[in-house]
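K.L.:
Here the protein sequences come in this chain order: X and R.
One point on numbering: in this note's numbering, the residue at position 186 of the first sequence is 186, and numbering is uninterrupted.
Take any residue in the second sequence, note its place counting from 1, add 1000, and you have its number in this note's numbering.
Incorrect hints may have been included.
[What the hints assert, rightly or not] No farther apart than 25 Å at their CA atoms in a straight line, the calculated lysine to any residue pairs in the SDA-like style are these:
hint, chain 1, residue 1, chain 2, residue 2
1, X, Lys146, R, Asp1089
2, X, Lys137, R, Leu1030
3, X, Lys146, R, Leu1099
4, X, Lys137, R, Ala1123
5, X, Lys114, R, Leu1030
6, X, Lys139, R, Val1033
7, X, Lys114, R, Arg1022
8, X, Lys137, R, Arg1096
9, X, Lys146, R, Leu1103
10, X, Lys139, R, Ala1134
11, X, Lys146, R, Tyr1029
12, X, Lys139, R, Leu1030
The hints are simulated quantities; they were obtained by calculation from the structure and are not laboratory data.
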Amino acid sequence: MTAPNVTITGLTVTFRRGQVRALDGVNLRLPTGMVGLLGPNGAGKTTFMRVLTGVLQPASGTVSVDGTDLTSRAQRREVKAATGYLPQELGLYPDLTARQFLDYMALLKGITDKRARRDRVHEVLRLVALDDVARRKLKTYSGGMKRRVGIAQAILNDPRLLIVDEPTVGLDPEERLRFRSLLATLSGDRTVLLSTHIVDDIVQTCPNVVVIEHGGIAFEGAIGELAARAEGMVWQLTQPATTPPPDLPTVTISPGISGTVYRVVSSSAPTPDAESVSATVEDGYIALMHAIDSTVSERSQRTQRSERSERSEPSTPDVHAI
Amino acid sequence: MTAVLERTTAPTAAQGWWAKTRAAARYEYLMQVRRPAVWVVVIGLIALRCAAPLPVNIGSVTDHAALVSDWAGNFMELGPIGVGAVLADRVRREARLELNDLLASTPTGIGPRLWGKAIGAGAATITPFALCWAALLGYLSTKHGAGVIPVGIEVFATVFLPGLIFVTAFSLTVPFLTGPVLFRLGLFGYWVWGNMVGPDYGIPTPAGTPFEAIGEYPIGAWFHGFMFDARERGWNATSADAVISIAFLLLTALAALATAHYVLNRRSPS
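Could you put together the complete structure from these sequences and hints?
P.N.:
Next up, the structure:
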């Protein structure tokens, strides 16, 4: 098995009859291995993943997996047979046991041979360490166990493209670490697209990262490149009673020995006593988001100014000539 | 990767429509039959009606066919309302459980899931109905002899099943539009108006015609049972009428499910 070649061209998704553009002309070639997908709430991450899994149809643009476009129903089904998906809102049938649920999902994924299906269900249950509780009903499972059932169903068909949306939300630290390692183990010779808000999850597992903001690709590249964007721009304010200017993005606020410690992103030293520190991926992400927000805000101000000046200009007589 | 997962033959999108439908039916059956509401509502409504059975002289009927079919009439008065009521919330269950994305991401389209749900959830809801019937037949056989049992099986197939399939099909399609609560109210209204409010009330109704769902025509034509509304109309049931009645119910049920399949398939990208 080789990782699939996933190419996205001019992908646009709209809601409310075109009034809301969730994705706006996205072009991307998905790298192989584990790929982190970052972005703030409402940036379009889940919409992007739903299109990749064939659950949502775009308004325009194409998604191609190994040359198969997700345009027709038959082609979408072909791609789905090689894709695994763990959605953000993971629902399970509460009255089925884990084994029954996975058996059902395996059938829906096209594993119709009874013996092969039984072996595969047993194997994925063992992989997610649920084989000893496989006969318990899903309604008795904890949040972490349900997430593991979710990943188990996603890998039932041995997918070449595995898409996981916010898999570690609500998990305790130990369960989160276990889940992270599981995903890293699974990446191997497939592409795993991991969407999360938790930058640390991506730092620990993904060599490549894609940042989505305002329905477009804000960054794509190696994880180190994202950190490098903030190099020379990260400052630590350690002096007591020194607070950063309110318009600067603050990455962390933590208690220190001599008072509160602020970590801020700024192109120049925000205060005379600010200490320059080396940038992390989180700093790079915050710097990127701040740069985008500034650009959007500037553009919006420029538009408002130009609208105001247009309104204040005297109307030319020939416009209203009868 | 082979260290993580042993590879089996890769699944394909096209294979196994029937296997997937059977799987959906099997699991829908399991999930529905485990619901206490299914047992309480269906058995409760049957018991409510059978506490004071009609016709009033049912205790003195000795002919096996007439006796069994008279009891069938009592089962069919309220029982199907219970069947429809507990099926109505199955329709939007996947959305409520936030399973839609997960199911839509599989290469299986809407068809096997819809037909599987109709077969599985329908069969599960009919199970308490069938068990009540079996219990009654057991009781009647101790009083009137084992001859009631084969008649009871024939009655089940010709009187109960067409009406229950009809109710099942509409309970798994109409709530897509109305939601379960409104559907239940509508079902109750339809069942009373369309099957029990006879022509003597002076309002147009299918009650007493072969297009009712309560099974009077098979009862009258094949088992010499008591016909209420058809008798008011002055109609005598023939075998042809009974066949028309059954065919109407089954074909309408099929049409309802096929329409739902078509509409959902058009809406769904999967």
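K.L.:
Tell me the hint numbers this structure goes against, listed in increasing order.
P.N.:
10
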